[in-house]
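S.K.: Can you build the whole structure from these sequences, using the hints too?
Order-wise, the sequence lines are chains E and G. Mapped onto our numbering, the consecutive letters of the first sequence carry residue numbers 1 to 256. Mapped onto our numbering, the consecutive letters of the second sequence carry residue numbers 257 to 501.
The reader is advised that the hints may include incorrect statements.
[What the hints assert, rightly or not] With a straight-line cut-off of 27 Å between C-alpha atoms, the simulated DSS-like cross-links for lysine-lysine are: (1) G:Lys430 <-> G:Lys373; (2) E:Lys39 <-> G:Lys373; (3) E:Lys140 <-> G:Lys373.
Since the hints were made in silico from the structure, they are not lab data.
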Amino acid sequence: MTTVLANIGGRTLGIVAGMGAGVVFLGSALAWALRPPAKIRLIIQQIRAIGVDSLLVVLLAGLFTGMVLGLQGYYSLRKFNAESFLGAVVALSLLRELGPVLSAFMVTGRTGSAMAAELASMRVTEQIDAMHAMAINPVKYLVSPRIVAGVIAMPLLTCMFNVIGIYGAYVVGVGLLDLGSGSYVSGMEQSVQLRDVVEGLIKSATFGLIISSVCCYKGFHALPMATGVGKATTEAVVLSFVLILVSDYFLTSVML
Amino acid sequence: MIEVIDVHKNFDHQEVLKGTNLTVEDGGITTIIGGSGSGKTVLLKTMIALLLPDSGQVLVDGTDITGLGQKPLNEIREKFGFLFQGAALLDSMTIFDNVAFPLRERTRLGEEAINGKVLERLDQVGLKDMGYKYPAEVSGGMKKRAGFARALVTDPEIVLFDEPTTGLDPLLGKSIHRLIADMQRRLGFTGVIVSHDIPEVFTISHRVAMLADGVIADHGPTEEFLESPNPAVRQFLKGESSDVA
Ligand SMILES: Nc1ncnc2c1ncn2[C@@H]1O[C@H](COP(=O)(O)OP(=O)(O)OP(=O)(O)O)[C@@H](O)[C@H]1O
Ligand SMILES: [Mg+2]
Chain E
1 MTTVLANIGG RTLGIVAGMG AGVVFLGSAL AWALRPPAKI RLIIQQIRAI GVDSLLVVLL
61 AGLFTGMVLG LQGYYSLRKF NAESFLGAVV ALSLLRELGP VLSAFMVTGR TGSAMAAELA
121 SMRVTEQIDA MHAMAINPVK YLVSPRIVAG VIAMPLLTCM FNVIGIYGAY VVGVGLLDLG
181 SGSYVSGMEQ SVQLRDVVEG LIKSATFGLI ISSVCCYKGF HALPMATGVG KATTEAVVLS
241 FVLILVSDYF LTSVML
Chain G
257 MIEVIDVHKN FDHQEVLKGT NLTVEDGGIT TIIGGSGSGK TVLLKTMIAL LLPDSGQVLV
317 DGTDITGLGQ KPLNEIREKF GFLFQGAALL DSMTIFDNVA FPLRERTRLG EEAINGKVLE
377 RLDQVGLKDM GYKYPAEVSG GMKKRAGFAR ALVTDPEIVL FDEPTTGLDP LLGKSIHRLI
437 ADMQRRLGFT GVIVSHDIPE VFTISHRVAM LADGVIADHG PTEEFLESPN PAVRQFLKGE
497 SSDVA
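M.R.: Okay, structure coming up:
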């Protein structure tokens, strides 16, 4: 019994200590990000890397999510003779919820994992130690630009996801099924407010922060051995997914 | 001058350094030998605070670096060059950019001055025309030489080498040794080499220290050291040399 308790206690302490270390890490990365001279070149390079890596999967995911929403929404709404709300339903669910969350998942899988693996292999091959030895701060050079880039790039990708998702639902609803194009668009126009867009983007910026900081943290603190890279990458992806969903709930409940 | 004073370092429950004392005099080349896993890399890393001792002091020109904050520590680290066992070149940039990296990040030199400096160092290590390649595209020996160029590009006062010749063929090993000795004479830095390359490394060493069982078993000028009556040293020298021969 006592060993069970000790076990639980030990694990809890470990988790709390890990959270503390993560917050300290994020804090120092953000502090470096705000301190001049800004590493604009590195940030732009990272934004480009995130965009190049993730754009295609985000667009694909967005298109098919929108098309499924179009199908499902159409058949559900028809039961209530409310097909004309399809545009509104699709747009609101994409803008407020599915766009930010699903595009964050795609970016985690595509870019977040790559970020974690890259930093972890730099740790394993002593490149991070080499920076320390050269009196160059690796957090400032490697982590801060990635975190800033994540916060900027994630909302941009989410916008792409939303646009192509709304288009996908349009193609299904108006093109394949027999919804009028006017009612799809006007339903959307009447019900979507600026607030919905902004709240969605706040969410996705938060997710961008979560993905880049979690993946950088896990990669940066990888164990310096051959298995360290794989382990860091897996943990980074899983933890990002969980934190995205958890923070999604809290953000939604605060903003509703 | 680097003074390692009564340094203890444990990993989990493994005692690696058990009260190590070592003074590295300014100028010349000091070589640290010792068996595999005896803690040579750990000792070298404590000299630049990549690893912090559990107890004891490491003085660099009189300043204890074990408890320093980021900023004063970086000021001390700027005196150093470090050649890692695996070179540790940043694989996201070319050889040229790797060598230029510390200059770009640490100094206000213009791009032209940096170019000149980097090309000079690359030329000295025989990599003048390789600057455009990425680390993944060159051989292990070239990586080491590029790492050497990077370690020297900031004109450091002290250069630490972790096994500069391990994993290279004997000819290349010899050429790296010659390169180190040559550059040391030209630039006058204090060199600390951790090496397995016995007896080759003795030809360029001014002083030798041997790490055994967590402490320095013996140290002294190379000729004296080679005559050391210390049984641990005798056995190690005999074993290593006969292995090579
Ligand atoms: N970061 C670390 N975590 C845990 N143990 C470590 C760490 N670094 C070194 N050790 C342990 O300390 C001991 C000494 O390691 P060190 O790398 O200094 O040996 P070495 O003398 O350089 O050996 P070699 O000649 O093979 O490079 C080893 O047993 C190693 O397992
Ligand atoms: Mg070693």
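S.K.: Please verify whether Lys430 of chain G and Lys373 of chain G have alpha carbons no more than 27 Å apart.
M.R.: holds, 26 Å
S.K.: Do the alpha carbons of Lys39 of chain E and Lys373 of chain G lie within 27 Å of each other, as the hint requires?
M.R.: Satisfied, since the Cα-Cα distance of roughly 24 Å is no more than 27 Å.
S.K.: Do the alpha carbons of Lys140 of chain E and Lys373 of chain G lie within 27 Å of each other, as the hint requires?
M.R.: holds, 25 Å
Consistency note: the structure conflicts with none of the earlier hints.
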